[in-house]
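Following the hints, put chains B and C in place on chain A, whose structure we already have.
Chains as they are written, first to last, in our numbering: chain A, 1 to 239; chain B, 1 to 331; chain C, 1 to 417.
Keep in mind that the hints were calculated from the coordinates and are not lab data. We put the CB at the ideal spot given by N, CA and C, even for glycine. It is possible that some hints are incorrect.
Unchecked claim - Partial list, computed: chain B residues near chain A (C-beta under 7 Å):
#	residue
1	Leu218
2	Gly220
3	Val221
4	Asn222
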Amino acid sequence: MLLEVRDLSVNYGHIEAIRDISFDVPEGSVVTLIGANGAGKSTTLKTISGLRKVRTGSIVYDGQDLAKVSADRRVQMGISQAPEGRGIFPGMTVRENLEMGAYVRRNRSAAALAPDFERVLTLFPRLAERIKQPAGNLSGGEQQMVAIGRALMAQPRLLLLDEPSMGLAPKLIQQIFRIIEEINAQGTTVLLVEQNAAQALRRAHLAYLLETGEIVRSGTGSELAGDPAVRAAYLGGDV
Amino acid sequence: MHFQYVFDNFASLFIGGLVFGSVYALIALGYTMVYGVLQLINFAHSEVFMFGTFATVWALWLIGADATTMGVALVLSIAFAMVASMITSGGVALLLERVAYRPLLKRGAPRLIALISAIGASFVLSEAMGLRGAIASALGLSDTLGRYVARSRENLGMPTDRTTTVQFELFGYGVTNVNIIVVVSAVLMMVAADQFIRRTRTGRGIRAVAQDPETASLMGVNSTRVIQITFLIGGMLAGAAATLYMLHIGATRYNAGFLLGVKAFTAAVLGGIGNLRGALVGGLVLGVAEGLGAGLFGNEWRHVVAFVLLILILLFRPTGLLGESLGKARA
Amino acid sequence: MSETTTTRPAARMSWASSLRSSLGSRLRRTPRWAQFLLMVALALFCYLLPLLEPPVISTPGTDFGAVLFTVSIYVLVAVGLNIVVGYAGLLDLGYVGFYAIGAYTVGVLTSHHATWPWLLSLPAALVVTMISGVLLGWPTLRVRGDYLAIVTLGFGEIVRLTLINSEWLGDARGISSIPAPPSLPLFEIPHLDWSTGVPLVDFSDTTTFIEFGVTDPVPFYWLALTLVILVLLADKRIKNSRVGRSWEATREDEDAAELMGVPTFRFKLLAFALGAFVGGIAGSMFATRQTFINPESFTLLISILFLSAVVLGGQGNRWGAVIGAIVVAYLPERFRGFEQWRVLVFGIALMLLAIYRPQGLLPPRRTVRAQRMEEESQALEVGEADPDAELATAGPVARNPVDDAPVPPDEERSPRG
Chain A
1 MLLEVRDLSV NYGHIEAIRD ISFDVPEGSV VTLIGANGAG KSTTLKTISG LRKVRTGSIV
61 YDGQDLAKVS ADRRVQMGIS QAPEGRGIFP GMTVRENLEM GAYVRRNRSA AALAPDFERV
121 LTLFPRLAER IKQPAGNLSG GEQQMVAIGR ALMAQPRLLL LDEPSMGLAP KLIQQIFRII
181 EEINAQGTTV LLVEQNAAQA LRRAHLAYLL ETGEIVRSGT GSELAGDPAV RAAYLGGDV
Chain B
1 MHFQYVFDNF ASLFIGGLVF GSVYALIALG YTMVYGVLQL INFAHSEVFM FGTFATVWAL
61 WLIGADATTM GVALVLSIAF AMVASMITSG GVALLLERVA YRPLLKRGAP RLIALISAIG
121 ASFVLSEAMG LRGAIASALG LSDTLGRYVA RSRENLGMPT DRTTTVQFEL FGYGVTNVNI
181 IVVVSAVLMM VAADQFIRRT RTGRGIRAVA QDPETASLMG VNSTRVIQIT FLIGGMLAGA
241 AATLYMLHIG ATRYNAGFLL GVKAFTAAVL GGIGNLRGAL VGGLVLGVAE GLGAGLFGNE
301 WRHVVAFVLL ILILLFRPTG LLGESLGKAR A
Chain C
1 MSETTTTRPA ARMSWASSLR SSLGSRLRRT PRWAQFLLMV ALALFCYLLP LLEPPVISTP
61 GTDFGAVLFT VSIYVLVAVG LNIVVGYAGL LDLGYVGFYA IGAYTVGVLT SHHATWPWLL
121 SLPAALVVTM ISGVLLGWPT LRVRGDYLAI VTLGFGEIVR LTLINSEWLG DARGISSIPA
181 PPSLPLFEIP HLDWSTGVPL VDFSDTTTFI EFGVTDPVPF YWLALTLVIL VLLADKRIKN
241 SRVGRSWEAT REDEDAAELM GVPTFRFKLL AFALGAFVGG IAGSMFATRQ TFINPESFTL
301 LISILFLSAV VLGGQGNRWG AVIGAIVVAY LPERFRGFEQ WRVLVFGIAL MLLAIYRPQG
361 LLPPRRTVRA QRMEEESQAL EVGEADPDAE LATAGPVARN PVDDAPVPPD EERSPRG
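Just chain A, with the same shape it has in the complex (with noise of 0.2 Å):
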């Protein structure tokens, strides 16, 4: 199991964003945790990168407790994540953003990012017309495409992504699904947290729903999907 979440709890301010959530990500899955705003998704995976506080429970990454374990040193272990909506570097050109994502890398030479530019810009081609000009000129999908990049640029083992169909044109959204595909066949293993649950069933390999900050729903990714509550709350019908 490269990753195992147990009874994880977390506070935003004083409101229990999540109360005791277990989940399990195997090695080279996509899983997904799918539920309305507000549910605690984005909580949950901020939470395992580091940027929120655990109050109980346990986050066990590759065998190791992520207690103790500082943000950035998450980021050294594997563990990488694009935020969710315009989490890029505004200021930074395409290329400085995707740079970034290496910042943890021991070697940072041209010649070692080179496969790995060329791994991204293959994925989005788009972004290779734009390498020059600053992300924050870029359009939301532009920037979601950043900011999957450039998790990609440190090669994680566990890429963690949040919500990144958001505000996108349906033809965009097919688009990014199937790169995460892509993502997951070369290797890596993918976190995803979507509201779009159709599109994210159809992908993962375990899914679990989330309602008010705890977990409701568990199984694969088509149990889920053919789950008569689900349907009736999620999917609106339409697989």
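Relative to chain A, chains B and C alone:
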């Protein structure tokens, strides 16, 4: 209003202003970098500078440089003093971050509380310098430290020879060697700082934290370290400014930091706080404005000109001449 | 960055605040008339203090009456500055400017350029300071919180440098022979003498009721104390009025207040003007008692001392401001010989306060209430109380007490826009 005077002495007022302005600009970098990363006015930065002025004199004493030191020996002595000053100021800045800021930042305290803590730290630093004699005698070290702690509340002068020689004439104003040294080293140092922020990995980390601290830590940037380095660089530049100031002015005092600090802060705001190149522009513009203002209204109004300028900028263009933000600076 | 760690000030709630809250609640339970009597007794005691000259409290080496006068001036200043910093949440580092304008207006009108009677100069001085408050506030109150601090600092320095440079205002030498308020000598009151260990009435040491002389500061103290009481009464009325609530709303969240229909700018300006007014009272009293003034008395250091009085006591609480002022003005006088360490000690105190007790020695009741809420919600979070109550408390009321510090939380939490 002495228009005729300003007209007749324009070159000297202008160039004198540039010399002062480059010292302001170097100090302003410290304000601007800390503001860029933390959105805090580091009120105690002025005292970081003040410690540098003392370190300069003490370093010269330590190696026995005095009014008879000339030529290459003098240049080497001053260079040594500058290094000592940069180390001292850098150290004080690190201490400041550790004691006055980090405990507050950890708790996510409001900005005004951090400002109050910085004001407290500023008083502690300047008083510690002003009371160094009393502190030494309380510790029984008065004799050991001797002149280093004597007359703590009084002016302390540069021990080396300060006669200047005119190198060339510019619009009728004799530009001296000290003028050249001050302006050139200040500009060089600023270019170095600017390149450091733009080119190095650490510099990129600083920019990342300035733009988005949370995302920066997702990239593996250790923000505590970045903040430390920001304070260290700001402190070292203030230390360099301190030595240049001592070359130019020749004397310091335990409370010399305050006025310079407010002016440097004005320069930072004038250029656009958080913007490194803005600090240079702001410093030079402020220095010149102050020089011309002093000529126009009389030298006793020099400081008033700076304060009025500060208020006017904050009112009419709070983002400064070049605009704010450390991170948004394009590479 | 601010969200990654949450504060736990409740855990640090010290004995002082718990003592205070129990004292406060006991005081609130006593009937109104008893409260009133208690206050009258306290006021009487304050009036008699310079005559009683009680040992331990009394200052050896300096005239106790003079020290009490200084303390009451600081109390006036702190209460006035508390309106600006504590109620409206505007950090003012140039408050000494208003204090100086009050003092200089009296000086100019009664001695330097005219010979107005003292009684007439006082209201004139107050009008001038209030106008200066509006003139400074009108353009500057639109700038951000920490910029405002620097602008006001600049204002204070401009006032001082103008005083030094302007011949019309007596330049560095200042103004002298400022007249005393009119006297009405009725009878003499003896002081107590404790030199033998027991209180003896000392008829050789008397104060004339009421004669403002250079030698006896006691009548000046009485006058200042009377002004303190008047200002405190007015302060209480304003704080409990619609104005006070508007200030609170503005301080907590300026945008929200604006949306609720509070004209925040106008209320901030009012706070500035009222603060300046009280500073003007303090300044003119200072000038009157001193009979001479010069720019040396109006440095940035004095501004910082004023501010530390307010912050030390607890911004937003008038009794906190009073106690802070007493600490700042009285302790150095009581322990003379340590004056040279005074500024150093204040610096350390400001840092320690900011780090360990940002709400001050006597935080306003609202902060205390918020703290209690926080404790309750924490108890709920770890499951010590009925979880059903959670929705009732964990929502809007359970807030972080740090947010009660001046400056709307939005502004400081999202500085990156």
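Hints, one by one, checked against the model:
With a cut of 7 Å, the hint placing leucine 218 of chain B at the interface with chain A holds, because the nearest CB-to-CB distance is about 5 Å. Against a cut-off of 7 Å between C-beta atoms, the interface hint on glycine 220 of chain B holds, since the closest Cβ of chain A lies about 3 Å away. The interface hint given for valine 221 of chain B holds, since its Cβ lies 6 Å from the closest Cβ of chain A, which is under the 7 Å cut-off. Interface restraint check for asparagine 222 of chain B: the shortest CB-CB distance to chain A comes to about 4 Å, inside 7 Å, so the restraint holds.
In terms of the numbered hints stated before, the structure departs from none.
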